[in-house]
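K.L.:
Can you build the whole structure from these sequences, using the hints too?
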Amino acid sequence: MDRQKKIIRTSIIGIIANILLAAFKAAVGMASHSVAIVMDAVNNLSDAMSSLITIIGTRLASRKPDRKHPLGHGRIEYLSAMIIAGLVLYAGVTALIESIKKIIDPAVPDYSAATLIIVAAAVLVKIILGRYVKGVGEKVDSDALIASGKDASFDAILSASTLVAAIIYILWDIRLEAWLAAIISLFIIKAGIDMLRETISEILGERVDSDVAKNIRSTVNSFPDVSGAYDLVVHNYGPSRLVGSIHIEVPEQMTAAEIDRLSREITTAVYEKCDVIMTGISVYSRNTENEEAVRMRREITEEILSDPEVMEVHGFYLDELRKEIQFDIIIRFDAEDMKAKYHQIQENIQKKYPDYKVNVVLDLDLAD
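Counting from 3, one number per residue, gives the positions in the sequence shown under the numbering used here.
Hints listed in this document are in silico derivations from the structure and should not be mistaken for laboratory results. Beta carbons are placed, not taken as given, at the ideal position from N, Cα and C, and that holds for glycine. Be aware that one or more of the hints could be misleading.
[What the hints assert, rightly or not] Derived pair list, reagent style DSSO-like, types lysine-lysine, alpha-carbon separation capped at 30 Å: (1) 141 with 66; (2) 353 with 343; (3) 141 with 103; (4) 141 with 275; (5) 353 with 275; (6) 7 with 70; (7) 341 with 325; (8) 343 with 325; (9) 141 with 8; (10) 192 with 216; (11) 341 with 354; (12) 359 with 341; (13) 7 with 104; (14) 359 with 325; (15) 141 with 104; (16) 216 with 275; (17) 66 with 103; (18) 103 with 8; (19) 7 with 141; (20) 8 with 341; (21) 8 with 192; (22) 343 with 216; (23) 341 with 353; (24) 66 with 275; (25) 325 with 216; (26) 275 with 7; (27) 104 with 8; (28) 192 with 103; (29) 192 with 104; (30) 354 with 343.
[To be verified] Here are the computed distance ranges between Cβ atoms for each label pair: (31) 223 with 189: 45 to 51 Å; (32) 133 with 245: 29 to 35 Å; (33) 133 with 254: 52 to 58 Å; (34) 361 with 212: 19 to 25 Å; (35) 353 with 226: 53 to 59 Å; (36) 202 with 336: 48 to 54 Å; (37) 274 with 166: 50 to 56 Å; (38) 202 with 281: 24 to 30 Å; (39) 274 with 202: 30 to 36 Å; (40) 235 with 123: 47 to 53 Å.
P.N.:
Here's what the structure looks like:
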């Protein structure tokens, strides 16, 4: 079964389960005059809506690329997850408001054995549903399903709190359900905010996963003619579509035809091993026969890396014909003044090698 079918099937199961739970809880809540159970029923309806949004989002995200969106519509899934996070936040705020109302003007609950059994069953169903939905979401890399699964788990806690409140009331005639509902609603609000923050972070563009970056670099560096892989950039256009580019360092003697063949082989290998589409492979030329260039490369690299704010020096090349020294540097994001540090490094190297024109490029720390 492909990814889309798994997501839709799981979401349909969630819709059916939540509608049935909402119906049972609404009936029990009104019969027992329990605001906590009624709010729990409303929350189940919001969960069913979340599953429906997941289905719609998955359908839209699976649309084929077109002229306006040549890399597909996969990022719609992140928007779906953001809407679900908003629903969770709304459910938490609504539950808190109703709980406060009942704290101020409490109703006398009327619990029965059937009520307790139904609530207990609801807790069990929600625990199973939450684990199942979240598990499928992690397997198919669906943020919307993962969010729905987390929401179901929070619902199980909310239902469990109403069960505890009912037992306390029956045993000691102490009414705590409104207070417990208020406390749990605060946790739900926090969960909604956290889910919203995570989704927005993904939409903004997060750093590529460390394992993915290492696998790509390892694959590229496995080619004998590649002496280094740098400046890896990976863009996420949906959970199943990663597009990247990279710089490779190759011997200066390589011809255009040899570099072209190597680039094609790297593109194929990265896609097969890492499932990443490499849209660009740029080249750094490496001095291999000029001993003076090798010495200068070593000295300049050691000097620059002695600064704790500098992470990497790469792409060094000495052009004796034009009397140029060129290389790239990566300065840490937490450096006090990145631009000032960059200019300072360029000036220092220029003073040390006044007979050469020093060309330093400032790269960013985009991947591990």
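K.L.:
Verify the proposed pairing of residue 141 with residue 275, using a straight-line Cα cut of 30 Å.
P.N.:
Status holds; Cα separation ~18 Å.
K.L.:
Is the gap between the beta carbons of residue 223 and residue 189 within 45 to 51 Å?
P.N.:
Check passed, 46 Å falls within 45 to 51 Å.
K.L.:
Against the 30 Å threshold, does the CA-CA distance of residue 141 and residue 104 hold or violate the hint?
P.N.:
violated, 41 Å
K.L.:
Evaluate the given range 47 to 53 Å for the C-beta pair formed by residue 235 and residue 123.
P.N.:
holds, 51 Å
K.L.:
Is the hinted pair residue 141 and residue 103 satisfied, with a Cα-Cα distance of at most 30 Å?
P.N.:
violated, 41 Å
K.L.:
Please verify whether residue 359 and residue 341 have alpha carbons no more than 30 Å apart.
P.N.:
The hint holds at about 20 Å.
K.L.:
Given the hint of 30 to 36 Å, is the C-beta distance from residue 274 to residue 202 inside that range or not?
P.N.:
The hinted range 30 to 36 Å holds for residue 274 and residue 202, with Cβ atoms some 33 Å apart.
K.L.:
Does residue 216 sit within 30 Å of residue 192, going by the straight-line distance between their CA atoms?
P.N.:
Status violated; Cα separation ~34 Å.
K.L.:
Given the proposed pairing of residue 341 with residue 354, does the C-alpha separation stay at or below 30 Å?
P.N.:
holds, 20 Å
K.L.:
Could you grab the alpha-carbon distance between residue 66 and residue 275 and see if it respects the 30 Å cut-off?
P.N.:
holds, 24 Å
K.L.:
Has the given pair, residue 353 with residue 343, been kept, meaning a C-alpha gap of at most 30 Å?
P.N.:
holds, 15 Å
K.L.:
Checking one constraint from the list: CA of residue 341 to CA of residue 353, max 30 Å. Satisfied?
P.N.:
Measuring from Cα to Cα gives roughly 18 Å; hence the hint holds.
Violated hints, listed in ascending order, are 3, 5, 10, 13, 15, 17, 18, 20, 25, 27, 34, 35, 36; each of the other numbered hints is respected by the structure.
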